[in-house]
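Participant: The chain contents come next:
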Amino acid sequence: MGTLRFRPVVLLFMLPAFVLYAIFFVVPFVRTFYYSFFSWNGMGQATFLGLANYIRLVGDELFTAGLGRVTIWAIASIVLKVGGALVLAAMLRKRIRGSDFFTSVFFLPVVISAAAISLMFALLYDLDTGPFNVLLRAIGLGGLARNWLGDEKTAFWAVIAVPIFHTIGYFFVILLAGLQDISEEIYEAAEIDGAGALKLFTSITVPLIWPILQICIVLATTGALKAFDYVFILTAGGPGNATQVPATYMYQTIFVGLKYGYGTALAFTIFLFTLAATLIIRRLTSFQAD
Amino acid sequence: MTAKPTANTRTIGSHFTRAGKYAVLSFQAALTIFPIIWVLSNSFRTTDQILTSIRLVPEQFALDNYLNVWRMTSIPRALVNSLTIDIVSILLLLAVVLPLSFVIARFRFRAATVIYLFFSLAVLVPMVTVLPMTFKLFSELGLLGHKYAIAFIYVAEQLPLSVFLMVMFMRTIPSELDEAAIMDGCSILDLFRHVIIPLSRNGIVTIVILSFVAIWNDYLTALVVLSRQADKTLSVVLGYARNEYAVDYGMMSAAIIFAIAPMILIYILVKNRLIKGMAMGAVKG
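Residue numbers (our numbering), protein chains in the order written: chain V, 1 to 290; chain L, 291 to 575.
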């Protein structure tokens with residue numbers, strides 16, 4: 001809170017931001033909610049349906065399967081991305097030779113666009129020239145070589161590996177910053193008491209970093225629930241619907257199917273799920289924070 | 291006597307963990323850097339060479355792929371679009387964020403907290419949720435054919451984080467400065483322009499860098515809103531690249547390098563500020 005006395009002229013200072021934000025965020029958001037109760041092709045008259053769109057969602061296998069996929073995606077993100085980042089950060093908590101090098105390298109992919117990273121992985125997964133397949137053939141497992149993104153059995157896993165590679169460095173720097181705030185004396189005291197590396201990790205590092213770890217878990221989960229770019233660029237939801245997630249399904253429903261009513265219900269549901277996930281995770285994981 | 295073996299085991303143990311630590315860290319570093327080096331190497335190689343072997347150092351540093359991308363694809367134009375759209379968005383962002391943050395940070399009035407919360411709301415709402423209706427709004431307002439109109443969406447999207455960081459920076463300026471300036475007969479506008487803005491330089495640089503990277507890397511918004519082929523940004527064009535010249539591995543690699551080079555350059559120049567800013571932004575979210 002500042003100290004200057006309020007005067008009407010300050011309203012003018014806030015006006016541009018307010019107008020822009022109201023028109024280009026608040027209005028679309030409210031209309032998303034509004035049209036989710038209608039049947040509408042985006043042009044003509046909209047017909048009020050009540051909750052019909054939402055009821056239809058529950059029985060829509062494309063949606064529920066997509067929700068299942070992003071749930072797996074979220075769990076994989078938490079375990080591999082947040083967990084992996086925590087292990088890396090714990091190793092670099094104390095400055096060692098090469099600290100700056102490792103930090104710079106781990107963070108590097110974060111500044112690259114999801115589009116470029118996705119295209120890069122499309123090349124890595126390539127049937128003929130991709131290193132995965134070349135390696136498999138080289139060690140005599142050529143039978144396992146495949147078009148990773150084109151095979152229904154592997155496409156989903158091939159897709160979710162990409163964001164894990166892409167943003168593990170982001171979680172790493174957040175956690176590293178948090179770990180470096182923990183006083184060295186706590187570690188020294190525990191070491192004198194004879195605690196080993198594992199014990200230090202589980203009884204000091206994890207509990208003290210918990211509030212930040214919680215933020216990371218929320219970010220990883222909501223990131224998965226609203227995922228779009230990687231899927232859309234790598235597989236567009238295919239093969240078949242093997243990698244369809246709620247956001248790509250919503251995109252198809254609205255921009256290809258022109259079903260604005262059902263599409264906005266999907267869009268709003270994605271929001272509700274991210275909000276619920278945020279609240280539930282905060283709740284479930286707060287026990288240690290007190 | 292018993293203390294000695296214990297000490298020895300400990301030293302051996304700590305050497306072991308240290309080696310293990312470096313093994314894990316080096317493995318992860320190699321894993322991170324390998325795809326980028328591989329693509330960089332392939333960008334100098336011919337399709338035949340790429341089909342024959344995996345090399346992290348190319349046989350030759352031929353620029354044919356880059357020349358082909360430059361002459362035959364829409365990537366150069368997309369590069370210019372990304373750059374100009376980004377700059378216009380950042381200027382608009384600063385124009386609305388700075389005065390707003392100034393008021394929230396320096397004035398005492400009850401509604402300040404409410405206003406601040408109002409502008410933070412968008413953090414909770416995924417872009418993918420509002421985008422269809424933003425598209426609809428654009429078509430109703432006749433903005434769809436206008437390249438720079440997308441800046442409105444980017445600004446609305448970047449507002450919450452930018453206001454948060456800017457208010458935080460502006461609050462670190464001693465409040466006595468405000469009182470003194472007003473006593474000296476400064477108007478509110480003078481105070482804003484000649485005292486607060488110059489002293490907020492650090493914060494401004496941080497939000498410029500963070501927003502520049504975020505807008506440069508955006509895919510979804512540009513995909514939906516930029517309807518004219520000539521207006522497409524790099525991310526969108528890259529997204530299509532797989533279908534357009536999918537068989538030409540060398541060209542695809544060169545296209546990727548075109549797209550990531552500017553960001554890697556920025557990263558090299560302002561690494562610490564970028565990392566710190568992103569970490570701060572996350573803790574807010």
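If you are wondering where the hints come from, they were derived from the structure by calculation, not from laboratory data. Even glycine gets a Cβ: it sits at the ideal position worked out from N, Cα and C. Treat the hints with care, as some may be off.
Taking lysine-lysine and the DSS-like style, the derived pairs with C-alpha atoms no more than 27 Å apart in a straight line are [said to hold, decoys possible]:
{"hint": "1", "chain 1": "V", "residue 1": "Lys94", "chain 2": "V", "residue 2": "Lys199"}
{"hint": "2", "chain 1": "L", "residue 1": "Lys437", "chain 2": "V", "residue 2": "Lys94"}
{"hint": "3", "chain 1": "L", "residue 1": "Lys561", "chain 2": "V", "residue 2": "Lys199"}
{"hint": "4", "chain 1": "L", "residue 1": "Lys311", "chain 2": "V", "residue 2": "Lys259"}
{"hint": "5", "chain 1": "L", "residue 1": "Lys311", "chain 2": "L", "residue 2": "Lys561"}
{"hint": "6", "chain 1": "L", "residue 1": "Lys566", "chain 2": "V", "residue 2": "Lys94"}
{"hint": "7", "chain 1": "L", "residue 1": "Lys566", "chain 2": "L", "residue 2": "Lys311"}
In silico negatives: residues of chain V with every beta carbon more than 10 Å from chain L [stated by the list, open to error]:
{"hint": "8", "residue": "Val10"}
{"hint": "9", "residue": "Arg31"}
{"hint": "10", "residue": "Leu51"}
{"hint": "11", "residue": "Thr71"}
{"hint": "12", "residue": "Phe101"}
{"hint": "13", "residue": "Gly142"}
{"hint": "14", "residue": "Gly143"}
{"hint": "15", "residue": "Ala145"}
{"hint": "16", "residue": "Phe165"}
{"hint": "17", "residue": "Ile212"}
{"hint": "18", "residue": "Arg283"}
{"hint": "19", "residue": "Ser286"}
Label pairs and their in silico Cβ distance ranges [said to hold, decoys possible]:
{"hint": "20", "chain 1": "V", "residue 1": "Gln180", "chain 2": "L", "residue 2": "Ala309", "range": "32 to 42 Å"}
{"hint": "21", "chain 1": "V", "residue 1": "Pro207", "chain 2": "L", "residue 2": "Gly475", "range": "30 to 40 Å"}
{"hint": "22", "chain 1": "V", "residue 1": "Arg282", "chain 2": "L", "residue 2": "Arg361", "range": "32 to 42 Å"}
{"hint": "23", "chain 1": "L", "residue 1": "Val404", "chain 2": "V", "residue 2": "Glu152", "range": "46 to 56 Å"}
{"hint": "24", "chain 1": "V", "residue 1": "Phe201", "chain 2": "L", "residue 2": "Arg361", "range": "53 to 63 Å"}
Participant: If a hint holds in the structure, say so; if it doesn't, say that too.
Facilitator: Consistency of the hints with the structure:
This hinted pair checks out: lysine 94(V) and lysine 199(V) have alpha carbons roughly 16 Å apart, not beyond 27 Å. Straight-line distance between C-alpha atoms of lysine 437(L) and lysine 94(V) comes to about 48 Å, which puts the hinted pair past the 27 Å bound. Taking the CA atoms of lysine 561(L) and lysine 199(V), the gap is about 33 Å. The hint is violated against a cut of 27 Å. Between lysine 311(L) and lysine 259(V), the direct Cα distance comes to roughly 53 Å. Violation of the 27 Å bound is thereby established for this hinted pair.
Of the supplied pair hints, the one linking lysine 311(L) and lysine 561(L) holds, its CA atoms being roughly 24 Å apart against a limit of 27 Å. As the CA atoms of lysine 566(L) and lysine 94(V) are separated by approximately 18 Å, the hinted pair is consistent with the 27 Å bound. Taking the CA atoms of lysine 566(L) and lysine 311(L), the gap is near 25 Å; set against the 27 Å cutoff, the hint holds. The beta carbon of valine 10(V) sits about 5 Å from the closest Cβ of chain L, which is not more than 10 Å, so the claim that it is off the interface is violated.
Not every C-beta of chain L lies more than 10 Å from that of arginine 31(V), the closest at about 5 Å, which undercuts listing it as non-interface. Under the 10 Å C-beta cut-off, the non-interface status given to leucine 51(V) relative to chain L holds; the minimum distance is some 18 Å. Distance check for threonine 71(V) against chain L: the nearest CB is about 16 Å away, which clears 10 Å, and the non-interface claim stands. Residue-level check failed: phenylalanine 101(V) sits 8 Å from the nearest beta carbon of chain L, not beyond 10 Å.
Every CB of chain L is more than 10 Å from the CB of glycine 142(V) (nearest about 15 Å), matching its label as outside the interface. Non-interface status of glycine 143(V) relative to chain L is upheld: no Cβ of that chain comes within 10 Å, the nearest being about 20 Å off. With a least beta-carbon separation of about 14 Å from chain L, alanine 145(V) lies farther than 10 Å from that chain, consistent with its non-interface assignment. A Cβ of chain L approaches the Cβ of phenylalanine 165(V) within 10 Å, the least distance being about 8 Å, so the stated non-interface status is violated.
With a least beta-carbon separation of about 7 Å from chain L, isoleucine 212(V) fails to lie farther than 10 Å from that chain, contradicting its non-interface assignment. Non-interface call for arginine 283(V) relative to chain L: holds, since the shortest CB-CB distance, roughly 16 Å, exceeds 10 Å. Under the 10 Å C-beta cut-off, the non-interface status given to serine 286(V) relative to chain L holds; the minimum distance is some 16 Å. In this structure, glutamine 180(V) and alanine 309(L) break the distance hint of 32 to 42 Å, their C-beta atoms being roughly 23 Å apart.
Between proline 207(V) and glycine 475(L) the CB atoms are about 55 Å apart, so this pair departs from the stated range of 30 to 40 Å. Taking 32 to 42 Å as the suggested C-beta distance range, the pair arginine 282(V) and arginine 361(L) does not conform, at roughly 53 Å. At about 51 Å, the CB distance of valine 404(L) to glutamate 152(V) agrees with the hint of 46 to 56 Å. Distance hint for phenylalanine 201(V) and arginine 361(L): a CB-CB separation of about 55 Å, consistent with the stated range 53 to 63 Å.
Checked against the numbered hints above, the structure violates hints 2, 3, 4, 8, 9, 12, 16, 17, 20, 21 and 22; every other hint is satisfied.
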